[in-house]
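J.: Sequence:
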Amino acid sequence: MAKLLYSATASLDGYIAGPGGDMSWLTEHLVGENPTADHLLANVGAILAGNCTFGGDDPNRGTNSEGAFGGQYHGPVVVLTHRPPVEPASGVTFVGDLHSAVAQAKEAAGDRYVNVLGANVAKQCIQAGLLDEILMFFAPVLLGDGVRMFDHSGGTRVRLAPIPGEAAHWYRVIY
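At position 142 of the sequence shown the residue is numbered 142 (full-length UniProt numbering), and the sequence of numbers has no breaks.
Watch out, some of these pointers could steer you wrong.
Stated by the list, open to error - Ranges between beta-carbon positions, derived for each pair: (1) G154 / H74: 20 to 26 Å; (2) E107 / V31: 21 to 27 Å; (3) G96 / L160: 25 to 31 Å; (4) T63 / G154: 38 to 44 Å; (5) S24 / Y73: 32 to 38 Å; (6) V31 / H169: 30 to 36 Å; (7) G155 / Q72: 23 to 29 Å; (8) M1 / D145: 37 to 43 Å; (9) V141 / A103: 22 to 28 Å; (10) D13 / R159: 18 to 24 Å; (11) P88 / G155: 35 to 41 Å; (12) S153 / G20: 40 to 46 Å; (13) V31 / L142: 16 to 22 Å.
FYI, nobody ran anything at the bench for these hints, they're computed from the structure. All C-beta atoms in this analysis are idealised placements derived from N, C-alpha and C, irrespective of residue type, glycine included.
Work the whole structure out from these sequences, hints included.
T.: Here is the structure:
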């Protein structure tokens with residue numbers, strides 16, 4: 001059965017997007033090979049994204065690398081939103097509640113990962129006890145402001161355990 005994995009690249013101060021969702025800061029950090037990202041991409045069967053992430057900024061906008069995983073991902077996408085478009089994009093399913101979105105993404109992924117994109121959806125999955133793993137990549141930059149990789153007013157503590165045999169910063173979520 002599919003596992004839910006939240007992956008993102010963050011600044012060293014914990015932001016996955018700059019102010020207003022700006023992703024341009026990431027462009028210079030996406031050069032070169034990344035065996036962990038390649039391993040992840042090979043094992044992703046579906047993407048679950050929030051509407052802000054799905055329709056938001058792309059560090060590769062306007063290039064051949066636009067889209068998830070630098071334009072290399074071609075598969076099912078489930079978008080969690082209360083405001084679906086009138087004419088959805090081909091290959092994209094828009095769902096209005098978390099549990100249905102997760103179920104549809106897991107079914108689409110088969111025995112591969114559902115890659116969760118977007119801090120808000122990841123937070124909802126954690127709060128619902130649905131997220132299985134977290135993989136963070138870190139870029140050598142401090143943004144100072146923006147969208148945090150995990151932000152929950154009141155300071156929710158989430159325990160994580162390193163996954164043996166996987167890259168650094170790849171963790172299992174412990175509930």
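J.: Determine for every hint whether it applies to the structure shown.
T.: To see whether the hints hold, each was checked on the structure:
In this structure the supplied range 20 to 26 Å is violated for G154 paired with H74, their Cβ-Cβ distance being about 39 Å. Range check, E107 to V31: Cβ separation about 35 Å, and the 21 to 27 Å hint is violated. Here the CB-CB span from G96 to L160 is close to 30 Å, well matched to the stated 25 to 31 Å. Judged by the Cβ atoms, the range 38 to 44 Å given for T63 and G154 holds: they are separated by roughly 40 Å.
For S24 and Y73, the Cβ-Cβ distance of about 20 Å falls outside the hinted range of 32 to 38 Å, so the restraint is violated. Between V31 and H169, the C-beta spacing of about 20 Å breaks the proposed range 30 to 36 Å. Between G155 and Q72 the C-beta distance comes to about 36 Å, which lies outside the given range of 23 to 29 Å. Between M1 and D145 the beta carbons are some 38 Å apart, a value that agrees with the proposed interval 37 to 43 Å.
Against the hinted window of 22 to 28 Å, the Cβ-Cβ separation of V141 and A103 comes to about 37 Å, which falls outside the hint. The hinted range of 18 to 24 Å is satisfied by D13 and R159, whose Cβ atoms lie roughly 22 Å apart. Between P88 and G155 the Cβ separation comes to about 37 Å, which falls inside the hinted range of 35 to 41 Å. Taking 40 to 46 Å as the suggested C-beta distance range, the pair S153 and G20 does not conform, at roughly 20 Å.
The beta-carbon spacing between V31 and L142, approximately 19 Å, falls within the hinted interval of 16 to 22 Å.
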